[in-house]
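Protein chains in written order, with our numbering: chain E, 1 to 300; chain V, 301 to 418.
Honestly, the hints are just simulated from the structure, not real lab data.
Keep in mind it's a predicted model, so treat the numbers as computed, not measured.
Cβ coordinates follow ideal geometry from the N, Cα and C atoms, glycine included.
Some hints could be false.
[As the list claims (entries may be wrong)] Restraint ranges, calculated between C-beta atoms of paired labels, are given here:
| no. | chain 1 | residue 1 | chain 2 | residue 2 | range |
| --- | --- | --- | --- | --- | --- |
| 1 | V | Ala-336 | E | Leu-28 | 18 to 24 Å |
| 2 | E | Leu-11 | V | Ala-387 | 52 to 58 Å |
| 3 | V | Thr-376 | E | Gln-218 | 36 to 42 Å |
Okay, here's what each chain looks like letter by letter:
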Amino acid sequence: MRRDERGPWYLLTGLIIGLILGLVYAWLISPREYRDTYPADLRASFKDQFRAMIAVAYTANGNLPRALDRLEYLGDENIARSLAEQAQRTLAEGNSPPEAQALGLLAVAVGQGATPATLISTKSSTPLTAIPTSPGSIQTTPFESPVPASILTTEPSPSAVSTSPTESATRIALATGTPLPTRTPTPTLGAPFVIKEKNFICDQKLVGPLLQVLVEDQSGAPLSSVEAIVTWDGGEDHFFTGLKPELGNGYSDFVMTPGVVYTIRLAEGSEIVLDLTPSECETPSGSRYWGSWLLRFARP
Amino acid sequence: MKRWIWFLIVVLLGVALGLLYGWVINPVKYVETTPATLRIDYQTDYVLMVAEAFQADSDLNLAARRLAIFGDTPPTEIVRQAMIFAAQYPYAESDQELLSRLASALQTWNPSLETPLP
Chain E
1 MRRDERGPWY
11 LLTGLIIGLI
21 LGLVYAWLIS
31 PREYRDTYPA
41 DLRASFKDQF
51 RAMIAVAYTA
61 NGNLPRALDR
71 LEYLGDENIA
81 RSLAEQAQRT
91 LAEGNSPPEA
101 QALGLLAVAV
111 GQGATPATLI
121 STKSSTPLTA
131 IPTSPGSIQT
141 TPFESPVPAS
151 ILTTEPSPSA
161 VSTSPTESAT
171 RIALATGTPL
181 PTRTPTPTLG
191 APFVIKEKNF
201 ICDQKLVGPL
211 LQVLVEDQSG
221 APLSSVEAIV
231 TWDGGEDHFF
241 TGLKPELGNG
251 YSDFVMTPGV
261 VYTIRLAEGS
271 EIVLDLTPSE
281 CETPSGSRYW
291 GSWLLRFARP
Chain V
301 MKRWIWFLIV
311 VLLGVALGLL
321 YGWVINPVKY
331 VETTPATLRI
341 DYQTDYVLMV
351 AEAFQADSDL
361 NLAARRLAIF
371 GDTPPTEIVR
381 QAMIFAAQYP
391 YAESDQELLS
401 RLASALQTWN
411 PSLETPLP
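Put together the whole structure using the sequences plus the hints.
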């Protein structure tokens, strides 16, 4: 009689024990095998490799819609920025300049915006209108969606990879200060690029003393992926235009160190600009900040 | 005795519910996965990218290094799996041809002859 008075609590205890045992087994001892994962879940270093491979493939086939489809796998919030940042990192590490250039090229192409692509199903040969697949939509039955980009035949879109400007470098040329006395740029015989503009910029919005470079063709259109070489006493650095597409495809910059004198030229050949050094600007209230140099190279 | 039987029954019931929850309803969410765990169509697309790059640069060592992202699996096997999937789905003929070229080239690839990186 006394036992019956204890009620059914032992059943609840058993259920809880069972639940705990089941969860320990399912989550810790034998979790569900993780196969069929998505590129968005990859470790960051593998994502970088995947992204670099997309860029390299893009430079090989020039197929921007396909590259965009693939980039969506990775679930980046801002695809162009991710590409540009990785290009900068790769360039800084110096491991694979061609890869950095490929990433830069793709960043520029993506920044200009993809043109709508006409996709053709290889099964039905019926033209389909490309519908951007959101990264979230990949959580579906295998092979339903997204349709692997590789089975789609896309029409090339030359306009998407052209270097026509869509954005301009709005951050620059806000205020023009008095240039410090420097030597006249040294003309190089047969140089494909000449200096069209050399201004000292006083703009408090610019972070740090910058060496800003704009590269244009004969018609004034920005040129991306142009390599600039900056040298100083005991050092050298290379950077490419177009890695900050939000500032223009022909734009690039370099952060100078106060007290260091720099020389800059373009790798393809250009006039050499000597004696560039950070100088200070002054606000009407008397506070001081670092100004920047703006150099505009153009094909003659 | 009857109480013990009921106790064991509810323990088993709890285990079943725990497994259901841990395996089906709320399984362990894996992040930072490796490429070897990617779904086959994504793996195949990566291999296709390698094939596209190989078509342009003809650098077999580089292609093999790029395929090494999948771990210890030999490059020839990785490409073979991709070709099988590409043929089953099927991918565009031009893409299958790219995979086929890469597979053929890898047949002659000897890892021991690869130039070491500086």
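Each hint, compared with the structure:
At about 22 Å, the beta-carbon gap between Ala-336(V) and Leu-28(E) stays in the expected band of 18 to 24 Å. In this structure the supplied range 52 to 58 Å holds for Leu-11(E) paired with Ala-387(V), their Cβ-Cβ distance being about 57 Å. At roughly 50 Å, the beta carbons of Thr-376(V) and Gln-218(E) sit outside the given window of 36 to 42 Å.
Hint compliance for this structure: hint 3 is the single one not met.
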